[in-house]
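Visitor: Residue numbering for the sequence shown follows the working numbering, beginning at 1 and increasing consecutively.
No wet-lab data here; the hints were simulated from the structure. Source: prediction; values computed, not measured. Don't be surprised by glycine CBs; every beta carbon is placed ideally from N, CA and C. Careful, some of the hints might be misleading.
Label-pair ranges, simulated between beta-carbon atoms [what the hints assert, rightly or not]:
no.	residue 1	residue 2	range
1	86	127	32 to 42 Å
2	114	11	34 to 44 Å
3	121	147	15 to 25 Å
4	9	69	33 to 43 Å
5	118	145	38 to 48 Å
6	69	6	31 to 41 Å
7	32	102	29 to 39 Å
8	82	28	17 to 27 Å
9	108	38	33 to 43 Å
10	53	108	18 to 28 Å
11	72	28	19 to 29 Å
12	15	114	12 to 22 Å
13	147	37	17 to 27 Å
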Amino acid sequence: MTDLILSVDVRAPAGTTWLALTDWTRQGEWMLGTEVEVVEGNGRSVGSRLSAFTGVAGIGFTDTMEITSWEPPVRCAVRHLGSFVAGTGVFQVVPKGAQRSTFVWAEHLRLPFGPLGRLGWPVVRPAFALGVRQSLRRFARFAEGYSVGGDE
């Protein structure tokens with residue numbers, strides 16, 4: 001298992017940051033190469049399932065997740081159910097006053113490809129973390145301009 005914990009400061013209230021974060025179908029607006037859909041439940045409760053496809057031109061992988069903890073407006077935990085992506089993830093919003101918050105993204109993952117994956121992770125991790133950091137910067141801009149229902 002390996003851990004990855006990254007965060008980004010957001011110039012928006014925690015409630016707005018939470019709504020932006022959990023607007024699953026709009027995640028593709030900020031997460032690099034990823035489209036998410038709710039495939040079971042309402043996406044806002046324990047037991048709901050999400051499907052995230054990450055890739056380009058139809059080549060990539062699908063990460064199916066089940067929400068295991070739903071604590072609005074501060075914390076959502078998921079269990080990754082796939083054979084490629086397995087483990088747990090936590091999305092947390094930390095209030096930093098009336099108009100600021102921090103989004104913390106934590107993953108505890110079982111690496112794919114067994115021993116080969118463990119050997120390759122030190123090489124892949126910097127690029128993976130760079131992509132997540134870029135997505136988090138995009139998320140901050142997304143949340144700072146977020147309005148329910150899209151661009152208005």
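Visitor: Evaluate each hint against the coordinates.
Guide: Outcome of the hint check:
1. 86 - 127: 32 to 42 Å: Given a distance of about 20 Å, which is not inside 32 to 42 Å, the answer is violated.
2. 114 - 11: 34 to 44 Å: Check passed, 43 Å falls within 34 to 44 Å.
3. 121 - 147: 15 to 25 Å: Cβ of residue 121 to Cβ of residue 147: about 39 Å, so the range 15 to 25 Å is violated.
4. 9 - 69: 33 to 43 Å: violated, 23 Å
5. 118 - 145: 38 to 48 Å: holds, 40 Å
6. 69 - 6: 31 to 41 Å: violated, 19 Å
7. 32 - 102: 29 to 39 Å: At 20 Å between Cβs, range violated.
8. 82 - 28: 17 to 27 Å: Once the Cβ atoms are compared, 19 Å apart, the range 17 to 27 Å for residue 28 and residue 82 holds.
9. 108 - 38: 33 to 43 Å: Because 23 Å falls outside the window, the suggested range is violated.
10. 53 - 108: 18 to 28 Å: holds, 22 Å
11. 72 - 28: 19 to 29 Å: holds, 22 Å
12. 15 - 114: 12 to 22 Å: violated, 42 Å
13. 147 - 37: 17 to 27 Å: At 21 Å between Cβs, range holds.
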